[in-house]
Amino acid sequence: MRKILLLSFLLLSLGIEALAQSRTVNGQVTGADDGQPIPGVNIIVQGTNKGTTTDMNGKYSIELAAGENVLVYTFVGYKAQTIEVGQREVIDVVLLIDATELEEVVVVGYGIQKKSDITGSTANVKGEELTKQPVLTATQAIQGKVAGVQIISSGQPGSSPQIRVRGVSTALAGTTSLYVVDGVLTDDISNINTADIVDMNILKDASSAAIYGSRGANGVIIITTKKGVEGAIKVTYNNNIGIRQAANLVEMANSAEYNNYVQAATGSAPPASSYDTDWYNTILRNAWQQTHNISLSSGTDKATYLFNVGYLQDQGIVIDNEFKRLTLRFNNEYKITDKIKFGLQSSYGNSINENGFGNINIDAYGNIGSVYNDAYRAAPIIADIENGLYGNTSAYQNVGNPLLDVKNNSVKVKENRLQGSTYLEVKPLTWLTFRSTIGGDWRNSLNRLYEYQFFNDENTFLVAGGNQYRAQSKLSVSQSQSFRWVWDNMITLYKKFDKHDITLLVGTTAEEYNLHWFSASRLDVPADPSLWYIGVGDANTSQNAGGGDAWARNSYLARLNYAYNEKYLLTATVRRDGSSRLPSQNRWQVYPSVGLGWIMSRENFMQGQNIFDLLKIRASYGKVGNDQIPTNAFTQTVAQNKPYPYSGYTTPSTNGDQINQLIDPNITWETTEEFDVAIEFAFLQSKLTGELNYYKKNVNNALIFKPLLVTWGFDLDHLILTNAASIQNNGIEAVLNWTDKVNDNFSYTISGNVTLNKNKVVDLNGGLPIYSGGIGAAQGFTTITDIGQPIGSFYVLDVIGVFNSAADVAAYQDADGNMIQPSANPGDFKYRDKDGDGVIDINKDKVYAGSYQPVAYFGLNLGANFKNWDFSLSLYGNVGNEVYNGKKAVRVSGTDNIEKEIAYNRWTPSNKSQSEPAANSGNMYASTYFVESGSFLRINNLTIGYTFPSSLLQKIKISSLRVFATSQNLFTLKKYSGFTPELPGDPVSSGIELSSYPTTRTIAMGLNVGF
Amino acid sequence: MKMKRIVSIKFVLLITLLTGLIVSCTDDFLDVPVQGGVSTSTDPNLAQDLVTGLYNTLLQGDSWGNGDVHGFAFISVTSIMSDDASKGSTATDQAIPVGDIDNFTLTSTNKFCESLWSGHYNGIGAANRTLAELKKAAISESQKKQLMGEVRFIRGYLYFNMVRMYGGVPLVLRVPVNEADASSDPAFSVRAPALQVYDSIVVDLQYAVDNLSLKGVYAPGRATKGAAQSMLAKVYMYRASNPANPNPNADWQKVYDLTDAVITSGNYSLATDYATIWRQVGDNNNESIFEIQTGEFDNSNLKIDNYTVCQGPRVGGLGGWNDLGWGFNNPTPSLLSAYEPGDLRKASTIISIDNSGAHVGTVLWDGFRIPSSDSVQNLFYNYKAYTSTALDPSGKPLEEFKNPGDKDRPKNIRILRYADVLLMNAEAAVHLGTGDPDGKVNLIRDRADLAPKGGVTIADIWQERHVELAMEHDRFWDLVRQGNAEAVMHAAGKTNFVAGKHELLPIPNSQILLSGNQLTQNPNY
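For the protein sequence lines, the chains are B and L, in the order given.
For the first sequence, this note's numbering assigns the number 1 to the initial residue and increments by one for each residue that follows.
For the second sequence, this note's numbering assigns the number 10001 to the initial residue and increments by one for each residue that follows.
In case anyone wonders, no lab produced these hints; they're calculated from the structure.
All figures in this text were calculated on a predicted structure; none of them were measured in a lab.
Keep in mind that a hint or two might mislead.
[What the hints assert, rightly or not] Each computed DSS-like pair below joins lysine-lysine, with the alpha-carbon atoms no more than 30 Å apart: (1) 10501(L) x 834(B); (2) 496(B) x 567(B); (3) 10402(L) x 407(B); (4) 10501(L) x 844(B); (5) 407(B) x 226(B).
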């Protein structure tokens, strides 16, 4: 009896204790969007490992011990909730949809992936961001919007900008990123209408670009064009009309300033003249540009159609220039059966570029110079044109009259381009997809140049003489045609079971390109445009030429994407590429890559906190390659048509051959290895998001055109293409975006990105430092590529001041008391004797003077919406890059014009400048005088728009109408005294301004109408 | 259910197989030959064609660019640099680089010195390549020897120019196998001493002497035995005059023997009219030993760029006429005063612009009239560079050019002619105390309508060389050879000439840099 009582008491006390210390909570979890119960919701007791999940009916039951008071409810796609239990025993929870975790889908190579699953470094720019800007190609429009991507453009209409992703990596001139337009690989998107683009995905690091293997070295830009949308026919019309003008012109001296300078420089005054010509004003103008786009789209559940027509007209800022382009696009998709899908994207572009030249070559008559070069050098004391007669600049100073340079010939380039791809996708099983895509790109261009006949007499010029003339008119016509096809076959397997999510992609691609061109010219063709055909010319003066090019590539690739529990990510890629451009012993190369990711914010231990809405860490390593060398780089070819007239003029010449190119028969792939690690985060209900990314990129066996010693053999351009160096880039990219919806009427975003990059040459493959940047005059080589320094660093004499008097010159002595610059005069530069040998030697006394690569480049983009108004501003800038003012440096004659600034600030006995020399006739040594800071900040785009309220529009049967005003390149803040600090070029000799096209500013207005 | 699965698997396999078949591109797919690229194996006459390509390198005239052998840069360093000529044109025109060459203020960055260096090495490289190809060529022994003789003649001539311009230079006699080979062999980047270069030239030219045919066997533009003998004689003459030569008389004997062989061969004689020598009618005449040929190719003039147009009379002042060129290479008063009175050669060498105030103008041999000095930039021009577009009474052009409208008309360059051989023979004879120097000199004086001389001295011969070969690219090097360049220059007003420096051109700075400083600069530059 007592035992039973004791037992009961014990049990009771235990029970009472249990009652005091633990309790059970239960309830049901439903979704706020549909009110349905959610099975599988994780419920954890905060601060412990204890947890449970909801059952099929969304119901749960959990035991809490004493002191445990908080439960955390989480489920993918919904916002986590933290609930204080208090005394309640039943807690029903309603979970809200989590907008940030709604999977943004990104196009990666040969497929799509959820943004959260990506382990590589990619960036995305939406089509609306691109269309807002009045630019020719979409590439120009991404300037400043993507961290790590530097866009360097020239203002010439019809020209494509140069792209550098994460520092100068691949080392060949003109190499751009790989563009993939709807699966078709191409190098040139100037025919793509920006309005046709849905978005652009930029694959920046090696691991994401590795799927493209040999072409991923400078990043990959994947462009997706618009598709039709299910529903009734939707029509939209967009236009954009504005003015373009030259921005940041350099002010040149006027006649009075010029006369003073020339008197001081050469000792004799120029001839008296009543003219005061502003040459840039003569050849430049404000230009119209307009774009119009109409888009029709419609679809059913079986098929979607999209048809776009676009027209662009751009007068260049140089007189007589005009560029016109018409593009047609037809995209459609058909669902043939449930399992078979067929799609077709096709576009046709037709463009005409008239007088769009930057350069008129020196011809046999000595007609000299490019228009811009001549405009820089021509003296203001010569008239441009008066009563139909041109001022004769070449009689006075050996420079062509820039206005006549433009007017004495007529160029027309017509281009047709048909580009498209078609795909067939078969899904025999839910987990298996087979896709075959064939893309083609056919281009045809016709180029006609007519050079007028004119003499250097009083019929053409105010004063006869000089060497700007053409004794006989000449018509040159050339035509080229190229075709490129790409064929991909891909198999994708997709399996999701338990917590494993696996996608496997296996496939092959093949690609081929063929080009063939020919040209013909004849003299004595009349000046009437209707007679500009080769047949009209004098057959006795007929010349012709022709050639072609061809290459092929073949690849095998595989990619595995694995996600465990939606938190742990792995991507592995391997690709084997073969290219016909490399010798057979080096033809094939394997490019592997691997990427890992961890979405920390989905971890259980992160569910309680509400600081991070998203925290993801990723790291990757990959290898990509580059084979973009000319197809004849490793084959010894014989140059023909090297004749000699063994009997003088009495008999025709005998034709001969030369072997005049030194080649590297063992040339091989250039490979880029990259390591990347990053944190992506989101705070404050994803109002503040961003990314911090560190990368290290090594380019091995960089392909460079190296100057060679002339004694090595006969080579016409004295350059050899070889794997010459290894280059390293490492840096940090930071992106921050702030989006805030203050109330229903006002929301705004601020986003900024900054990239810091450091470039260094780490190896020269046993060779000597590579000198480059030879620009003529007395400059010699201005850049050097050497171990430990950035590629293409400026390497010049160091100017430490200006001699003020003969005593100054005498006082500049070496350790032994000998004058270092004995032949210097007051007003000449004082150079630093770097090696201390008492002599200024232009080889041995050079110093490193910075690099054209910026230390940092950044973009800031602001956008705001207030009621029906929208506003956006984007800024872009570079810091820390140097520019070489080549225009100033190649001045070789005392009669060349000078910049106004030099006319005023030059050294004189009464103005003892220490930074400008006395008036001189040019031919100066390469020195730090010509190296200037290229840091700049530019207002890239400023747009204001107003969307009409739909109530107003219903009356006119328009569904949407927005009007806007926009400006491109509105204002640039820069230190550089030349035209532009953005100078595309070859990596070993970039950043040198020689005959650059001035940048342009555009101000435009337009409307977006939806019917 | 199961059935369907099997079918589906078969379907999958079929697709995979098809994919595999379609895209199993063979390696052939990637074997794409260079389009339009003729390779060394497709041309059966490669060796002969390379020989023609080598002659083509003698036409290089890209003075501001890739290479110059006989263009404006060549004119600058052989003529403008001497006491016989000054820059010309306007004061500021080409002040750099030509003005610098004229005034001896040139530096190692001089563009013309650089293009002469690369132009000659372009030719030397082509010669080495051609020799390598000739060795393997499937042609007869005799043809091989003839062609190799021609190639070695040209190589010897190019090195002769180089050693006269720069002194010792890298002696490159083979084609490098690859870049590593070229950068590891010092022969490509270290300057051989001048005497070693002379030895190599002698070997090359001797082979040419031994293997080339006589004049008239092949086309006149090809090198001949006589050309090789004359060139070799000249080389020996320069070597003999070198103060470092321990045994000059041995070389003078060679000069005498070689020139004697040319004289006694009977293949050459003096042209009757001195004035016609440099005109088109005088191309490859009886006096010509070796000329750089020009003509026509591909419906246009085939010429040395800028050779004629840079020396043509230039409009200036009041203007009003369509001029003939850029106006460079003006004969100096010093040259004018060197002629004896009555010397026919003066009027055939120098165009004198009418500065009398009478406005008569100057009428040239074909009737072309140049206005008087108030419409012309300079006062004197090189007559030997003149090309004519005038027509004869029947309407046929006096000189034939494919493209006469182009001011830069072709002109053959007379590298060696019989008068030069006679004078070398005379000079050797005086040194050795044998032969008939008076006879040789008087043949030349007679043609110039001058009284004969007896007991000619070296100074007389040098005087005769001066006026006979004036404006023919011989003067500057000859002055340096004679050893009194400084005195003569200073007397002519070129007071910047520094002995021990300005006899040679500076080695181009960019090449020194590219060689990693293995190339050494000439003294005092």
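Against the structure, the hints come out as follows:
1. A C-alpha spacing of about 26 Å is found between residue 10501(L) and residue 834(B), which places the hinted pair at or below 30 Å, so the restraint holds.
2. A distance of roughly 14 Å separates the Cα atoms of residue 496(B) and residue 567(B); the hinted pair therefore holds under the 30 Å criterion.
3. Proposed proximity of residue 10402(L) and residue 407(B) is supported: the alpha carbons are some 28 Å apart, at most 30 Å.
4. Of the supplied pair hints, the one linking residue 10501(L) and residue 844(B) holds, its CA atoms being roughly 21 Å apart against a limit of 30 Å.
5. With a C-alpha separation of about 42 Å, the suggested pair residue 407(B) and residue 226(B) falls outside the 30 Å cut-off, and the hint is violated.
Comparing the model with each numbered hint stated earlier shows that hint 5 is the single one that does not hold.
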